[in-house]
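Undergrad: If you want the building blocks of each chain, they are given just below.
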Amino acid sequence: MFAGVGLDEALAFTPAEWTAVLLSLRVASVGALASLPFGVAVAWLLARRRFPGKSVLNAAVHLPLVLPPVVTGWLLLIGFGRQGVFGRFFEQAFGLVFAFRWTGAALAAAVMGFPLMVRAIRLSIEAVDGKLEEAAGTLGAPAWYVFATITLPLAAPGILAGLILGFAKSIGEFGATITFVANIPGQTQTLATSIYSSTQDPAGEPTTWRLTGVAIVIAVAALLASEALAARISRRESGE
Amino acid sequence: MIEIAVRHRLGAFAIEADIRASGRILAISGPSGAGKTTLLNMISGLLRPAEGRIAVDGVVFLDTATGLDMPTRLRSIGYVFQEPRLFPHMSVAGNLRYGARFARKDSRLVGFDEVVALLGVTHLLARPPARLSGGEKQRVAIGRALLSSPRALLLDEPLTAIDSARRRDILGLIEQLRDAFAIPMIFVSHQAGEVERLANDIAVLNQGRLLEMRAGSSAGLPGGAAM
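Residue numbers (the working numbering), protein chains in the order written: chain A, 134 to 373; chain B, 2 to 228.
Calculated directly from the structure, the hints in this document are not laboratory data. Cβ atoms here follow ideal geometry from the backbone N, Cα and C, with glycine treated the same way. Warning: the hint list may mix true and false statements.
Said to hold, decoys possible - Every beta carbon over 10 Å from chain B, so not counted as near; a handful from chain A, in silico: (1) V154; (2) A226; (3) E259; (4) A274.
Said to hold, decoys possible - In silico SDA-like links for lysine to any residue, alpha-carbon gap of 25 Å or less: (5) K264(A) x P72(B); (6) K264(A) x T67(B); (7) K264(A) x T282(A); (8) K264(A) x F103(B); (9) K264(A) x A51(B); (10) K187(A) x A325(A); (11) K264(A) x R198(B); (12) K264(A) x E197(B); (13) K187(A) x R159(A); (14) K187(A) x N316(A); (15) K264(A) x H9(B); (16) K264(A) x L48(B); (17) K264(A) x W277(A); (18) K187(A) x R252(A); (19) K187(A) x L158(A); (20) K264(A) x P286(A); (21) K264(A) x G194(B); (22) K264(A) x S23(B); (23) K264(A) x M2(B); (24) K264(A) x A180(A); (25) K187(A) x S162(A); (26) K264(A) x R105(B); (27) K264(A) x A181(B); (28) K187(A) x V204(A); (29) K264(A) x V204(A); (30) K264(A) x Q177(B).
As the list claims (entries may be wrong) - Which stretches of chain B does chain A cover? Using the computed rule of at least three CB atoms under 8 Å from a CB of chain A, they are: (31) 87-99; (32) 121-127; (33) 142-153.
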């Protein structure tokens with residue numbers, strides 16, 4: 134069917150392939166969910182606050198988007214490796230090791246997906262009418278309550294879209310991941326890195342096809358979901 | 002007693018006004034751009050004047066001479082904005098109850114059922130704001146402000162967004178509020194005639210300056226001038 138691979142073979146995932154797919158899903162969901170609170174906080178700062186160094190923060194958030202991923206991965210290795218300042222801190226404080234573990238892949242995924250996530254959330258917070266927040270303030274609500282009951286629910290579709298985009302970006306993350314945590318089957322070999330391995334192997338073509346199919350399905354599903362959410366936001370805005 | 006003495010500059014627009022009113026309902030009228038809404042924003046704390054003193058019934062909200070500037074949420078001002086600003090993701094009941102959580106416990110002004118009945122919104126409680134008419138939205142906004150147990154009620158052009166048939170309803174409602182609750186009201190309108198009947202005092206503003214203070218037709222009525 135595809136380049137000499139039949140349908141049966143196209144769907145015959147080996148255990149190693151399943152492992153890579155499931156690991157990717159785990160890495161991407163943990164990365165996206167764990168970075169979400171930070172994403173919302175940073176997006177809110179960028180959308181609603183004026184402070185010195187705002188443009189620096191904005192640039193720092195977008196840096197992983199423009200830096201070569203291999204550079205981001207290497208910087209993560211320096212900072213979050215077992216000898217790195219942050220790596221040592223997390224190991225001592227929480228027993229959390231990043232280097233050459235799936236947790237490191239999740240960290241790389243979170244960092245690489247962060248710009249897209251923040252961008253989507255920031256836009257959705259900016260779209261929340263500040264006059265509603267003002268009105269809530271005149272009714273006696275403290276700032277945190279206004280955020281929790283007005284800003285957050287009205288920005289929710291955008292926040293969800295940001296989560297999905299961060300997740301989708303993480304699924305395909307390659308450069309930073311392979312630099313930071315290498316490509317260890319069962320441990321750090323994700324969808325993207327195992328496609329890379331299978332392309333290096335003359336007998337790996339069926340694997341490449343199957344994993345490519347999975348990658349396309351996940352990417353398309355994520356884009357459709359985030360489009361649907363965007364449509365919902367504009368519907369709600371025109372409805373008011 | 003309502004005291005508003007402020008001085009402020011907003012780009013090319015300057016506002017300098019000293020308004021003192023002893024009645025319960027103060028109307029601020031004047032052409033658009035006179036600074037009426039700016040004054041309401043200063044009273045509610047949404048805008049801080051460069052200089053001035055604002056006090057309602059002896060509670061000082063702002064006094065730049067002593068550096069006092071009470072945060073908006075502690076001023077307990079029921080602000081009914083020109084556009085209703087209802088929360089679109091909450092039902093009418095959710096909107097009405099929003100401020101009640103923060104109402105000063107010792108000063109609960111009115112009960113939920115009382116306000117709902119007075120405003121005639123009982124049949125609308127479960128609806129989202131998107132499915133209300135302009136007049137209904139305005140009534141819900143007034144109810145939401147009242148249920149926060151405010152020290153004063155600010156109404157910014159409460160009649161402009163409403164067709165003329167419904168105007169009399171809202172005017173009647175404000176009259177009822179005046180008679181039912183001992184709450185100072187500051188009412189902004191670009192048409193002096195509209196507010197004449199309700200107000201105890203009328204402040205006429207033009208280009209950020211107070212042109213004149215005069216008595217409204219309610220000046221001698223019970224409910225007015227009792228402060």
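Undergrad: K264(A) and W277(A): Cα distance at most 25 Å?
TA: 16 Å, holds
Undergrad: Check whether the Cα positions of K187(A) and A325(A) lie no farther apart than 25 Å.
TA: Roughly 34 Å between the alpha carbons, so the hint for K187(A) and A325(A) is violated.
Undergrad: Between K264(A) and A51(B), is the straight-line Cα distance small enough, at 25 Å or below?
TA: At roughly 22 Å apart (the allowed maximum being 25 Å), A51(B) and K264(A) satisfy the hint.
Undergrad: For the pair supplied as a hint, K264(A) and M2(B), is the alpha-carbon distance within the 25 Å limit?
TA: Answer violated: K264(A) to M2(B) is near 29 Å, above 25 Å.
Undergrad: Under the criterion that the straight-line Cα-Cα distance not exceed 25 Å, is the pair K264(A), A180(A) satisfied?
TA: 14 Å, holds
Undergrad: Holds or violated: K264(A) and E197(B), Cα atoms, limit 25 Å.
TA: 30 Å, violated
Undergrad: Please work out if K264(A) and F103(B) have their alpha carbons no farther apart than 25 Å.
TA: 19 Å, holds
Undergrad: Is the Cα-Cα distance between K264(A) and H9(B) 25 Å or less?
TA: Given pair K264(A), H9(B) holds - Cα atoms ~22 Å apart, limit 25 Å.
Undergrad: If you draw a straight line from the CA of K187(A) to the CA of L158(A), is it 25 Å or shorter?
TA: Violated, at about 33 Å.
Undergrad: Checking one constraint from the list: CA of K187(A) to CA of V204(A), max 25 Å. Satisfied?
TA: 24 Å, holds
Undergrad: Hey, K264(A) versus R105(B), does the alpha-carbon distance stay inside 25 Å?
TA: 23 Å, holds
Undergrad: Straight-line Cα separation of K264(A) and Q177(B) no greater than 25 Å?
TA: 28 Å, violated
The structure shown violates the earlier hints numbered 4, 6, 10, 11, 12, 13, 14, 19, 21, 22, 23, 25, 27, 29, 30, 32.
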